[in-house]
Amino acid sequence: MSPKRIVLRFGTDISVKPIVYRLVKDYDLVVNIVKADVNPQKEGTMILEVIGDQSEAGLNYLRNLGVSVQALNQEIIRNEEKCVMCGACTGICPTGALYMERPSMEVRFDGDQCVFCKLCVKICPMKAMEVRL
Amino acid sequence: MSVEKTYAEINAKIKSGKAVVVTAEELIALVEEKGLSKAAQEVDVVTTGTFAPMCSSGAFLSFGHTTPRMKMQKVWLNGVPAYSGIAAVDAYLGATEMPDDDPLNSNYPGEFRYGGGHVIHDLVARKPVKLKATGYGTDCYPRRNLETIITLDDINEAVLFNPRNCYQNYNCAVNLTDRTIYTYMGMIKPHLENANFSTSGQLSPLLKDPHFKTIGVGTKIFLGGGIGYVAWNGTQHFPSMMNVDGKELGAAGGTLAVTGDLKQMSPRWLVGTSYLGYGATLSVGIGIPIPILNEEIARYAAMKDEDLYAPIMDYGEAYPSLTPGNLGYVSYADLKSGKIKINGKEVITAPLSSMPRAREIAATLKGWIQRGEFQLTEPVKMLPSPADGFIAHSIKEA
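Chains A and B are the protein sequences, given in the same order. 10 is the number that the working numbering gives to position 10 of the first sequence; each next residue is one higher, with no gaps. 265 is the number that the working numbering gives to position 265 of the second sequence; each next residue is one higher, with no gaps.
Since the hints were made in silico from the structure, they are not lab data. It cannot be assumed that every hint is accurate.
Said to hold, decoys possible - Heads up, simulated DSSO-like pairs for lysine-lysine below, C-alpha to C-alpha not over 27 angstroms straight-line:
1) A/35 - B/339
2) A/127 - B/189
3) B/71 - B/5
4) B/336 - B/247
5) B/345 - A/82
6) A/82 - B/189
7) B/127 - A/82
8) A/82 - A/17
9) A/127 - B/336
10) B/336 - B/189
11) A/122 - B/189
12) A/118 - B/336
13) B/304 - B/220
14) B/132 - B/71
15) A/35 - A/17
16) B/339 - A/42
17) B/5 - B/263
18) B/18 - A/127
19) A/82 - B/336
20) B/213 - B/15
21) A/42 - B/189
22) B/345 - B/381
23) A/127 - B/263
24) A/118 - B/189
25) B/345 - A/42
26) B/189 - A/35
27) A/82 - B/130
28) B/339 - B/247
29) B/341 - A/42
30) A/127 - B/339
31) B/213 - B/247
32) B/213 - A/17
33) A/127 - B/130
34) A/118 - B/339
35) B/336 - A/122
36) B/336 - A/42
37) B/220 - B/13
38) A/122 - B/132
39) B/339 - A/122
Please model the entire structure based on the sequences and the hints provided.
Here it is in structure tokens:
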């Protein structure tokens, strides 16, 4: 069985709960934490690989807690033609995947840090951030 | 001895390829290295630049006549209405206009994906644009309907005329409320989580000539990738110097009305722009040359991000309710560092104005002048300066 890759997003209330332990103990899942981050505003994101017969039940447990669960089958890309390097995205990107190089103030995109929240896709004034399936 | 130069002397040097031209950032480095007097003597022209959303923008379009003739009473370009309450086949397409059937903010926050600014972008990119017009028919203009495709090259005239561009300085926007807000200053999260700002600071044209000693009516400029001119002061032109506890914090609120032939501009420098939950607009590239006529002009042109400040404004409550006052001032050096402190809290900052593009404009204009392709023009009329003490009025309701 191939693992499910998923992105979890959650607020302050969830950051203090042992949700991964529950997935392992109660739903007998094999969990690999690919990436985990809690930003200074205490919003958490986690990318997991999950294997197990009860994986759907485990994910429903997370959803019921208020965790956003999303399949990881997309990629965010920057359309270099459209990007004017204004930097508007750098203030709202939760993980710093979009950041400014200083002192040049050029905008850089580090796809490895991206957690697919798609905020940049929504707010980019030039519509330069795109979702690729 | 202090230096005095004239426009004629500087233009003669440009013509012979001997003019010393530097960007505003290069001038700062030169003044630090050689001192102000030496730099003022050496440098003839300083180039500035800004690239940012400028909502008070638009284009006058004159389409040419149809057979039979038509007095266009209503006009749409790619579905976006243009104002046609002027002569028969003339219209003004405003940057923030939206299609009649756009959901706007009814599905909050609205996307505003395609508006007047995007049509201007498409026109200048030489893309075909759908023209629709209706008229009521007259004896001399009998036709009542038109639907066709035009391009920028097909129509007779296309003149960019932006009533308010190139804001001298602007607020640093924050949000003190407990909900996310969507503004023309971008998305601002609650509880002072982020702060947005929008000028190029030490490269910004009007911050480098705060007393309007050289920039006036008729000044030739880089506009939208081509040549343009300052037409007048912009609307809401309220130039003043900010002083706090005896310290000068830079210029506050001058603006320019600018114009130029759209046909020689470029889609790289006129870009359709969408602000989530706010509206559509046009990002405009502007570069203005400042002749170093004397040391005082050089001193202002060499102002650094450390010397230039923006007022901090709460867009959650104070701005929409037109409450006077602000949350203090912050330097562009701090704003560009990525973090500032407000009320003891560390706040993430982000610009809406592209610094790399501003730098590219200043460098491009510098190249034009160095190669003798661009001469300076002396203003035919000076613009109101801080000394004129303009005061903004708000609408009084009965």
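Results of checking the hints against the structure:
| no. | hint | verdict |
| --- | --- | --- |
| 1 | A/35 - B/339 | holds, 26 angstroms |
| 2 | A/127 - B/189 | holds, 20 angstroms |
| 3 | B/71 - B/5 | violated, 52 angstroms |
| 4 | B/336 - B/247 | holds, 21 angstroms |
| 5 | B/345 - A/82 | violated, 34 angstroms |
| 6 | A/82 - B/189 | holds, 25 angstroms |
| 7 | B/127 - A/82 | holds, 16 angstroms |
| 8 | A/82 - A/17 | violated, 41 angstroms |
| 9 | A/127 - B/336 | holds, 23 angstroms |
| 10 | B/336 - B/189 | holds, 19 angstroms |
| 11 | A/122 - B/189 | holds, 14 angstroms |
| 12 | A/118 - B/336 | holds, 25 angstroms |
| 13 | B/304 - B/220 | holds, 24 angstroms |
| 14 | B/132 - B/71 | holds, 13 angstroms |
| 15 | A/35 - A/17 | holds, 17 angstroms |
| 16 | B/339 - A/42 | holds, 18 angstroms |
| 17 | B/5 - B/263 | violated, 35 angstroms |
| 18 | B/18 - A/127 | violated, 43 angstroms |
| 19 | A/82 - B/336 | holds, 23 angstroms |
| 20 | B/213 - B/15 | holds, 23 angstroms |
| 21 | A/42 - B/189 | holds, 14 angstroms |
| 22 | B/345 - B/381 | violated, 46 angstroms |
| 23 | A/127 - B/263 | holds, 25 angstroms |
| 24 | A/118 - B/189 | holds, 16 angstroms |
| 25 | B/345 - A/42 | holds, 15 angstroms |
| 26 | B/189 - A/35 | holds, 25 angstroms |
| 27 | A/82 - B/130 | holds, 23 angstroms |
| 28 | B/339 - B/247 | holds, 23 angstroms |
| 29 | B/341 - A/42 | holds, 19 angstroms |
| 30 | A/127 - B/339 | holds, 25 angstroms |
| 31 | B/213 - B/247 | holds, 21 angstroms |
| 32 | B/213 - A/17 | violated, 63 angstroms |
| 33 | A/127 - B/130 | holds, 22 angstroms |
| 34 | A/118 - B/339 | holds, 23 angstroms |
| 35 | B/336 - A/122 | holds, 24 angstroms |
| 36 | B/336 - A/42 | holds, 25 angstroms |
| 37 | B/220 - B/13 | holds, 17 angstroms |
| 38 | A/122 - B/132 | violated, 31 angstroms |
| 39 | B/339 - A/122 | holds, 23 angstroms |
Of the numbered hints listed earlier, those contradicted by the structure are 3, 5, 8, 17, 18, 22, 32 and 38.
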